[in-house]
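Mind docking chain H on chain S? Use the hints.
Next come the chains, spelled out residue by residue.
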Amino acid sequence: MNFLAAIGRSFFSFLEAAGKIGIFTLLAIRHILTPPYYFRSLFHQMMVIGYYSLPVVGLTTLFTGAALAVNIYEGGSRFNAESALPSIVMIGMVRELGPVLCGLIVAGRVSASMAAELGTMRVTEQIDALTTLSTDPMKYLVAPRILATVIMMPFMLVLVADIVGVLGGYLIATAKLGFNSGNYLTSSIGFLEAIDVAASMTKAAVFGFFIALMGCYHGYNSKGGAQGVGVSTTNAVVSACILILISNYVVTEIFFAV
Amino acid sequence: MNNQPKISLKGVRKSFGSKLVLDSINLDIATGESMVIIGGSGSGKSVMLKCILGLLKPDSGSIKVDGAEILGQSLSDQKKMLSQFGMLFQGGALFDSLSVWENVAFGMLAENKISRRQAPEFAIEKLRRVGLASDVAFLSPAELSGGMQKRVGLARAIAHEPKVIFFDEPTTGLDPIMADVINELIVECVKEMGATALTITHDMSSVRKIADKAAMIYKGNIIWTGDKEEIDHCGNPYVEQFINGRAEGPIQMEILKS
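Protein chains in written order, with the numbering used here: chain S, 226 to 483; chain H, 131 to 388.
Hints were generated in silico from the structure; no laboratory data involved.
Model, not experiment: these values are computed from the prediction.
Don't take every hint at face value.
In the DSSO-like style, the derived pairs of lysine-lysine whose C-alpha atoms are separated by at most 30 Å in a straight line are [claimed, not checked]:
no., chain 1, residue 1, chain 2, residue 2
1, H, Lys358, S, Lys448
2, H, Lys358, H, Lys343
3, H, Lys194, H, Lys140
4, H, Lys180, H, Lys321
5, S, Lys448, H, Lys140
6, H, Lys136, H, Lys194
7, S, Lys448, H, Lys210
8, H, Lys339, S, Lys245
9, H, Lys187, S, Lys448
10, H, Lys293, H, Lys149
11, H, Lys194, H, Lys349
12, H, Lys210, S, Lys245
13, H, Lys180, H, Lys194
14, H, Lys243, S, Lys245
15, H, Lys321, S, Lys245
16, H, Lys343, H, Lys140
17, H, Lys343, H, Lys293
18, H, Lys210, H, Lys243
19, H, Lys293, H, Lys194
20, H, Lys349, H, Lys339
21, H, Lys187, H, Lys349
22, H, Lys321, H, Lys343
23, S, Lys245, H, Lys136
24, S, Lys448, H, Lys149
25, S, Lys448, H, Lys180
26, H, Lys194, H, Lys243
27, H, Lys180, H, Lys343
28, S, Lys448, H, Lys209
29, H, Lys149, H, Lys180
30, H, Lys293, H, Lys187
31, H, Lys210, H, Lys293
Partial list, derived from the structure: chain S residues whose beta carbon lies under 7 Å from chain H [to be verified]:
no., residue
32, Thr349
33, Glu350
34, Gln351
35, Ser359
36, Thr360
37, Val476
38, Thr477
39, Glu478
C-beta atoms are modelled at their ideal positions from N, C-alpha and C, and glycine is treated no differently.
For reference, chain S alone in the conformation it holds in the complex (with noise of 0.2 Å):
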């Protein structure tokens, strides 16, 4: 009977907060497409969530390039195929790697940072000052952070993303496999469509707009103090990877699905 009684509460607050995530998305829509706009304020989220991102976002993907063309060269030994590599990597990098990584790379910073900094502005009182001096948080804290997770994603960081994990498998392939550099670059870019790129910048705009809702979801909520603004912290990486992977596979669902 217990056990029954716990998954009845389980699924109940599941709903509960599903039903208020599904409320914050919607005033945050709602106020990121109403005026008063904070320009300032989005340039500023612009620059860190994706200027100062692309350091990391460019090592992980250049060293994943390079170990995926090392993978697909010893792999398509096997069966003669070597000479397949360079498509491979563009369309593994472009339509898969390149946005998940760098999705999964930018949670772990932007989500994690946009937690703990509205979660310390919800306990030390920040969050309720800005109310009685005449602005909406949720339009001056959440809108210009989704805003701008989800220009900086597909134009800046997915974009590097791609080119820098295509740039470390070439670079792995002229100087170690042995492929000449001009057909190497001819072979991956014949390859690839506009449709890899439409999907690699999908799923970004996507994963971008989950990374900075469930940073701004889970800090806005926070409770308590040092102890709850870490609690919301985690809960904001976990789902924000969650939900990048969980989208990723509906993006390509609906992409390339036969």
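Leaving out everything else, chain H in the frame of chain S:
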């Protein structure tokens, strides 16, 4: 002067889950009066203040400002109401991502009453009023001492010349001399602007300095109201225990004794 109270609370009730915090609060604050509410930790002082500011929604009851009901009012009405309120938060609640001058001018900038170019000068003027030198304006809040943060918080609270100012434990965490400085500043600012003030505190020296009238809150009810002069011989055993700081009396702290 009319007889309509500036702020009037009737039967305000608020509970969090099963915990009843405000039972039935009845309180009138006349225009231009300085009301100080005393009460122990956890007696519901802060919750009451947040209900008036609209940061928390009471479960039932009525709160009127200038005779108009504020519970269930539209967002634009709430914004209009908040623009005539100022609030000094317990921990200062300064925005730590902004400099001191941006903090002080925040409300005025949010309402577009001054331009960004005028703001530093405006802030310096307000800082002077709370006894801070102009170079403080360009520091960040983290670089200030506790007493200075309180004063910056005060400058921010009075910057838009509010008609009603709330003080949440203005002297908590300060040494006795700085506490007295803050108390005097509060009296000066409130008198100068002719504002209505509502202070919650458990510091008796604050009460004696700031109050015109005082009230005591205990277990979610206002159990005594009267003029400041009456407080020392009001004959109410709860009030007497509180102002004399005795562990024995009708108020029993919930401490388990072995």
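These are the hints, each one checked on the structure:
no.: 1; hint: Lys358/H - Lys448/S; in the structure: violated, 37 Å
no.: 2; hint: Lys358/H - Lys343/H; in the structure: holds, 5 Å
no.: 3; hint: Lys194/H - Lys140/H; in the structure: holds, 9 Å
no.: 4; hint: Lys180/H - Lys321/H; in the structure: holds, 24 Å
no.: 5; hint: Lys448/S - Lys140/H; in the structure: holds, 29 Å
no.: 6; hint: Lys136/H - Lys194/H; in the structure: holds, 8 Å
no.: 7; hint: Lys448/S - Lys210/H; in the structure: holds, 29 Å
no.: 8; hint: Lys339/H - Lys245/S; in the structure: violated, 45 Å
no.: 9; hint: Lys187/H - Lys448/S; in the structure: holds, 17 Å
no.: 10; hint: Lys293/H - Lys149/H; in the structure: violated, 33 Å
no.: 11; hint: Lys194/H - Lys349/H; in the structure: holds, 22 Å
no.: 12; hint: Lys210/H - Lys245/S; in the structure: holds, 27 Å
no.: 13; hint: Lys180/H - Lys194/H; in the structure: holds, 14 Å
no.: 14; hint: Lys243/H - Lys245/S; in the structure: violated, 35 Å
no.: 15; hint: Lys321/H - Lys245/S; in the structure: violated, 44 Å
no.: 16; hint: Lys343/H - Lys140/H; in the structure: holds, 18 Å
no.: 17; hint: Lys343/H - Lys293/H; in the structure: holds, 18 Å
no.: 18; hint: Lys210/H - Lys243/H; in the structure: holds, 14 Å
no.: 19; hint: Lys293/H - Lys194/H; in the structure: holds, 15 Å
no.: 20; hint: Lys349/H - Lys339/H; in the structure: holds, 25 Å
no.: 21; hint: Lys187/H - Lys349/H; in the structure: holds, 19 Å
no.: 22; hint: Lys321/H - Lys343/H; in the structure: holds, 15 Å
no.: 23; hint: Lys245/S - Lys136/H; in the structure: violated, 36 Å
no.: 24; hint: Lys448/S - Lys149/H; in the structure: holds, 16 Å
no.: 25; hint: Lys448/S - Lys180/H; in the structure: holds, 16 Å
no.: 26; hint: Lys194/H - Lys243/H; in the structure: holds, 27 Å
no.: 27; hint: Lys180/H - Lys343/H; in the structure: holds, 20 Å
no.: 28; hint: Lys448/S - Lys209/H; in the structure: holds, 25 Å
no.: 29; hint: Lys149/H - Lys180/H; in the structure: holds, 17 Å
no.: 30; hint: Lys293/H - Lys187/H; in the structure: holds, 22 Å
no.: 31; hint: Lys210/H - Lys293/H; in the structure: holds, 12 Å
no.: 32; hint: Thr349; in the structure: holds, 6 Å
no.: 33; hint: Glu350; in the structure: holds, 4 Å
no.: 34; hint: Gln351; in the structure: holds, 5 Å
no.: 35; hint: Ser359; in the structure: holds, 5 Å
no.: 36; hint: Thr360; in the structure: holds, 5 Å
no.: 37; hint: Val476; in the structure: violated, 34 Å
no.: 38; hint: Thr477; in the structure: violated, 38 Å
no.: 39; hint: Glu478; in the structure: violated, 40 Å
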